[in-house]
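Q: Model the full assembly from the supplied sequences, consistent with the hints where possible.
Residue numbers (the working numbering): 1 to 352.
Everything labelled a hint here was simulated from the structure, so no lab data went into it. The beta-carbon is built from N, C-alpha and C at its ideal position, and this holds for glycine as well. Don't take every hint at face value.
[Said to hold, decoys possible] Derived pair list, reagent style PhoX-like, types lysine-lysine, alpha-carbon separation capped at 20 Å:
id, residue 1, residue 2
1, K291, K209
2, K71, K81
3, K81, K163
4, K291, K213
5, K71, K135
6, K163, K134
7, K316, K338
8, K334, K316
9, K71, K163
10, K134, K213
[Said to hold, decoys possible] Distance ranges between label pairs, derived from CB positions:
id, residue 1, residue 2, range
11, F145, P277, 33 to 39 Å
12, F278, F145, 32 to 38 Å
13, D132, P205, 40 to 46 Å
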Amino acid sequence: LLQPFVLIMPKKIYERGPIPQLLKSSFGFTASLVCLALLGDWAIQEFAPVSAGLAHDHIVSLWASFYNYVKGTWADGDDSKTAFLIIVVCTQFYHMTTFWAHCLSLSLLDLFPQYFPWAHQWKIQNPDEAVDTKKLVWTALTCLFNQIAVNGPLAYVTYSITKAANMSALPEDIPTFRTLIIDLSVFAIVEEIGFYYGHRMMHWPFFYKHFHKQHHEWTAPVSFVAIYADPIEHITSNLLPLMAGPWLMGSHVVSYWLWLFIAVFVTIQVHSGYHFPFLPSSEFHDFHHLKFNVNYGVLGFLDWFHATDGMMYDTKFAHIGERDRVFYSFDDKKEMPKQRGMPKALSRAVTK
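A: This is the structure:
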């Protein structure tokens, strides 16, 4: 009965090694979301109906104020124009604001390590080497180009898909807690599928040479590398998998914005080069930049299924695989590479 399923699998599941920590975390996180989706509304109505109602009403009120402001100020009272401005224009400003605030904060740690010695205790690769400032600036400018010349036009061109998917910006359509959790769960799964296969395709020789090689100029990535990519790759591997979930679910823009914040935050974090405590581990994707042809996904289950995660858990790199987890203590810094001093290039600059 199982033979057809086994034949299509790249490697029999029961022949694989221990399930990686990242995959365990992914399953745990997904299971938690499912439980929240199934039990969240019931628990809220059972134990805190008044508080939940007030919280939802407050969110609706805040969104209504924002919606009416856009409608009255920029859309001449037209609901269709208001939806376009919020979903296309405001979304771009929202994304750029959160992206640049996060990336610039992390870049300060890289550019001025002498003022943040505590941060370099959590550096994954080369804690004693300074970041190339010119290369970092060029990477940031490339990100800005992608946001202006790619993100905005793509959102405009695909707005017909957004309308066809019945995505709403109306205050009365604000999702319930259960709907929000279901939306986020589907978004994460759809994005993982789209990103894994799109990313793996980018490692085929033709696509790697012409599109993906730029992203891998950084073998020890920094925050801005999150969207440091050729425009074609940026569309196929970054943007479309991110937008596919909200299109599929016909979600409210509030769900979309929350998803956008989470997805972009995690993408920046896993490219940051730091494995800070209490935040998602950056080890899995950082190892991809180090070794190239491994660890294509984010959640890890497709890498496990296709056996593209094994190198990280081999004996030679076992120490990296073992620390690929969320750190819940500051004492976990003992697992990070030892820092012998201030990064060399900046150390010489300070001495001069």
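Q: Hey, K134 versus K213, does the alpha-carbon distance stay inside 20 Å?
A: holds (19 Å)
Q: Has the given pair, K71 with K81, been kept, meaning a C-alpha gap of at most 20 Å?
A: holds (8 Å)
Q: Lying within 32 to 38 Å: is that true of the beta-carbon distance F278 to F145?
A: holds (33 Å)
Q: Check whether the Cα positions of K81 and K163 lie no farther apart than 20 Å.
A: holds (12 Å)
Q: Falls inside 40 to 46 Å, the C-beta gap from D132 to P205?
A: violated (27 Å)
Q: Sort out whether K209 lies within 20 Å of K291, counting only the CA atoms.
A: Distance ~16 Å between K291 and K209 Cα, so the pair holds.
Q: K71 and K135: Cα distance at most 20 Å?
A: violated (42 Å)
Q: Check whether the Cα positions of K291 and K213 lie no farther apart than 20 Å.
A: Given pair K291, K213 holds - Cα atoms ~13 Å apart, limit 20 Å.
Q: Just to be careful, I want the Cα atoms of K71 and K163 compared with a cutoff of 20 Å; is the pair within it?
A: holds (18 Å)
Q: Taking the beta carbons of F145 and P277, is their distance inside 33 to 39 Å?
A: holds (34 Å)
Q: Does the alpha-carbon distance linking K163 and K134 stay inside the 20 Å limit?
A: Measuring from Cα to Cα gives roughly 42 Å; hence the hint is violated.
Q: Would the pair K334 and K316 pass a check requiring their Cα atoms to be no farther apart than 20 Å?
A: With a Cα-Cα distance of about 19 Å, the restraint between K334 and K316 holds, given a limit of 20 Å.
When each numbered hint is compared with the structure, violations occur for hints 5, 6, 13.
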